[in-house]
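Trainee: Letter by letter, the chains look like this.
4 protein chains.
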Amino acid sequence: MIIILKSDIDEVQIKHLLEHIESVGLQPHLSRGTYRTIIGLIGDETEISADRLRSFPGVQDVVPVLPPYKLASLQAHPQPSVVDVSGVLIGGGHLGMIAGPCAVESEDRMNTIAASVKQSGANLLRGGAYKPRSSPYSFQGLGEEGLKILRRVGDRHGLPVVTEITDPRNLDQVLQYTDMLQVGARNMQNFVLLSEVGRTSTPVLLKRGMSATIDDLLMSAEYILAKGNSQVVLCERGVKGFDNATRNLFDVAAVASVRHLSHLPIIVDPSHATGRPELIPACALAGLAAGADGVHIEVHDCPEEAMSDGPQALLPDQYAELAGQMSQLAKLLGKTISQVGNAAGDPA
Amino acid sequence: MIIILKSDIDEVQIKHLLEHIESVGLQPHLSRGTYRTIIGLIGDETEISADRLRSFPGVQDVVPVLPPYKLASLQAHPQPSVVDVSGVLIGGGHLGMIAGPCAVESEDRMNTIAASVKQSGANLLRGGAYKPRSSPYSFQGLGEEGLKILRRVGDRHGLPVVTEITDPRNLDQVLQYTDMLQVGARNMQNFVLLSEVGRTSTPVLLKRGMSATIDDLLMSAEYILAKGNSQVVLCERGVKGFDNATRNLFDVAAVASVRHLSHLPIIVDPSHATGRPELIPACALAGLAAGADGVHIEVHDCPEEAMSDGPQALLPDQYAELAGQMSQLAKLLGKTISQVGNAAGDPA
Amino acid sequence: MIIILKSDIDEVQIKHLLEHIESVGLQPHLSRGTYRTIIGLIGDETEISADRLRSFPGVQDVVPVLPPYKLASLQAHPQPSVVDVSGVLIGGGHLGMIAGPCAVESEDRMNTIAASVKQSGANLLRGGAYKPRSSPYSFQGLGEEGLKILRRVGDRHGLPVVTEITDPRNLDQVLQYTDMLQVGARNMQNFVLLSEVGRTSTPVLLKRGMSATIDDLLMSAEYILAKGNSQVVLCERGVKGFDNATRNLFDVAAVASVRHLSHLPIIVDPSHATGRPELIPACALAGLAAGADGVHIEVHDCPEEAMSDGPQALLPDQYAELAGQMSQLAKLLGKTISQVGNAAGDPA
Amino acid sequence: MIIILKSDIDEVQIKHLLEHIESVGLQPHLSRGTYRTIIGLIGDETEISADRLRSFPGVQDVVPVLPPYKLASLQAHPQPSVVDVSGVLIGGGHLGMIAGPCAVESEDRMNTIAASVKQSGANLLRGGAYKPRSSPYSFQGLGEEGLKILRRVGDRHGLPVVTEITDPRNLDQVLQYTDMLQVGARNMQNFVLLSEVGRTSTPVLLKRGMSATIDDLLMSAEYILAKGNSQVVLCERGVKGFDNATRNLFDVAAVASVRHLSHLPIIVDPSHATGRPELIPACALAGLAAGADGVHIEVHDCPEEAMSDGPQALLPDQYAELAGQMSQLAKLLGKTISQVGNAAGDPA
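Protein chains in written order, with our numbering: chain A, 203 to 550; chain B, 203 to 550; chain C, 203 to 550; chain D, 203 to 550.
Treat the hints with care, since some could be wrong.
Which copy? The list can't say, so a pair holds if one copy fits it or any two copies do.
Calculated lysine to aspartate or glutamate pairs in the EDC-like style (CA-CA distance at most 16 angstroms, straight line) [to be verified]:
no. : residue 1 : residue 2
1   : Lys208    : Glu480
2   : Lys217    : Glu506
3   : Lys320    : Asp357
The hints are simulated quantities; they were obtained by calculation from the structure and are not laboratory data.
Produce the complete structure using the sequences and hints provided.
Mentor: Shown next as structure tokens:
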């Protein structure tokens, strides 16, 4: 950590600061410049809080040298992590191809969609049973009934399932039915929820908050890792932008940034990132080309009847076409898409 | 609601859309322009979902005419609401002057700070017992012990208290000790939490999320109102900006925007908005001049020992000076600052 | 255009508005809803200003139905435009691969870099002679001497050249030496400059401003087109974001958005978008995968000696490796990279 | 300046870097930490470029300690500057109250507006003759005829005048007619224009660009100061935000930020910041309360006939009411509003 002192700091204030630094077991290294004096800290800087140092009189700024997360960092784990979702691998060259409707609406609909996306090449099925909706008057999901449908349909088609958790009080229930827990963008800094999913051993899909920096995202992952759950997959789904041309601003460079900072897999979600079906294929391919470990896409067979997020869903045929292009690109990039067997209907 | 059709929509698609509109009891009003055709909807547009309409083939865009919230709107309640926090009024010309440390750290410290801010003119005391921290390794608050300290200190100095709720499972406990519940910026779209505080009758301080629009903020208030709790005070605390000169970007115009849309009181929090003590006084006064119903300020008697957010706290003397300026400005603006009696130590 | 009226508008105000609309030759189409009344305009809405309509008493909002640009729109020109830069094609399946240093520094250095990028597969050479620098104390470019070097080196290696124009008074001089004019991000709304380059017939590379929406970008292109120059190539180079992890936020979805709105080619500039060499390859490939018509990359053989923007330049070897990957991806996407002959040193 | 080295830098790279630093006359001060090594630079750091240092192999980041501007800094000039616009003072306790229409449209209209705002207390008259418009099809201003009208009307009512310069080729002409030159937000980084107005001795109103940081704004001021013109007034006019509730995001904290960094006066422009007349008064008062040295407001007597920006103009009566409130607030804050005599029509 580097402490930059104000030009008018006096010697008493410097002494006070140096004593504090030494009191926590660090060694201060003072450099008096022509215009400013700085202090470099030698030792384990996790012992000291940058915020506390900033509060000392005479301190202008504090520049951390190490990232604030540890377990999520490449230093802690230099090789890419591979997350295993009931047989489907994500990370380290394996792509997680997640597809399905925003919300579970009925078993028939879920079956139709699952059959189609499985055939197109998806390897994981998504569907929300507890929906976080910005209006209290909107459809809030089928609850446990939705979870049961998702589980049965996933099993039928050989697709491990992903569903969102929004309430720590539902965690035990949701864990009975799902292979992967999703923490949504609006809950990325719901630290209570992060701690709870961290206490499980179920893989977690952690979506980036709409105004979260990469460091914020990795700190939220750190919450989960610190509680003992190492099965975390990050997801870039667009951040808040100033242009209404798209629902969010798809930050494709985040994929590459994360790769240089963390061992955790990161996938992209062009459905939420753009909110416009006609832009989804371009952004899905861009995400893979940038090195993403998978793609999350909302698919619905009749968007006009969808109970949520219909306008951003691809039709099954559109998904099939895109999946073909993604598969070709994956081949060029040397990535593989693993599948689990189809318990009920596997033709083999 | 207005539906703008694509230029290449065909008559079958138009018919399909008109039938849907009529099926939900609305009357479509078709205008065929030279370049585009539009449909205006006559009737109660809350019966129909803009998202669903956007999913119909041939629909280019849907423009809502009414705001998505109802109970929070001026239409529902044309006069400003006044929220009563155990005797301290906020709204309708009454200012809520909230002050105190980020976190409750000890009874002594809390006492010192409370005595000082009460004398300076604050009428509500804040202090966190459950702290949402972006690092899992940071101080997370004293929990119930912190709540007890806050309650005793508030009572001693005649200051109703405000504290943050982060977990629905703690709600009953927190309600035993506090006069007002705070929902923090990171939980503004934690709909589970909003629903739970909506089921109480305790006043709620709802802070704007870092990337929440005014409409998003009012929709979150609507969640609380829709569950039956009408005692909601909004808080502008800065949104995400691109300039690191300040921690967040203080959106002072939001105060005036809300005034034209909603009856709910809105206060400002220049401590979180700027993150820099030297900018807090200017922004506090700006907030009042823009019409805010109060000011929330973090005060700590020794920022370098603060267990969280030290660098953005004012010293008690700095708060006293600012409170004097705010009081003068309040007088010019014709606003009043109500106080409750001092149960234990009131000199009268 | 659709005019949404305030709920309290009176009949006199409505009459006043209708008369104005008819006075400019348009036909108003009034729909009185349960809550709000709207007016649809039938006829050529370019005859009327949305801003002026918004100024009428009783008007709440005006929603344009058509885009504000005409010549740049797909309606005006449904097929993709192909821009010819002295033999190198951009658009309609042809990729413009622009490479070179930020600034022209010396003929030797320029020669070295040009030889290398040509061999790697670049087909256009960039180099600034008039540099817009945010500090008045920074290197401002070699001026005409730089233009001469760029011209000679481009000719020697069979690379048409691109250079920035910053001052309308230099236009005649710059035109003597360059094959393509660049208008930089900071000048995207320098309408004086746009008008002047619009009066030439030289291809223009128009970079998106840091806070420009897609509509803003297309309106700036419209300025050039409206003055008679149809040879415009757009460039996405990152917009202002809130995360310092990258210099700007690379908006890869803009490539796909533009494709749905305009016939103009659009390329990407991952050098300025990210400002970090280690992220450039991922973003270059992402841009191509999203459908970009080319890639603009800064290359320097000794970044530590570069007179501007050194930290974001690729080394020639790094560019060579990336160019190989881009070439493979281009093949998969069915795109071609045209080259012009090498006037001086063509081995053939 | 502080250089943070990568953890894998080798001794040869460190030596290479140290030699470079010494070669420009600076003294490096190496601190080897447990995890990272840093180098502090002692001496005049303006001799070295942070960008160039960032380009050295093994350098992770460079943290400047001093601001990049000099003449604009408080270090260079610790007392607030007072700018004299033909007798009207701005800065150091004097408020510049600028009012007038967006564009000069006719002498009659200009006269009506000027008479009204002068009586309300404005001390400077604005009006555009060369208008930068985002559409090439919009009204572009009356040119020299507009300048003549502005000059005559300003003289008649005792109001020095402000008008925008957009083209360096018009500078001599504009200087014949105006008391203050405005550089608009879209030209804030048009360095050619900044240099040219820097060569005059006419006061300059420099508006903040839509995505400019405070440092960017001060660097643009530095351009003008470095060319010899010290008469610069800054203007906060809203930055790009994500919420369409307002046209821009009014960054009122910028007023206080600038006060801690620079001696230059700064005024606010709530007309452009909000784009909504009903929010202008709140933001004007907020700006003054935050310490602004003046307020710029667009006033038009018939917004529906305005040739540009009608929807954001106040009516003369609305301005009169606001001016009364601003005057009261100015008194509370101890600020004065100077007036020049009325050459032609002064009743005295």
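Trainee: Output the numbers, in ascending order, of every earlier hint that fails for this structure.
Mentor: none
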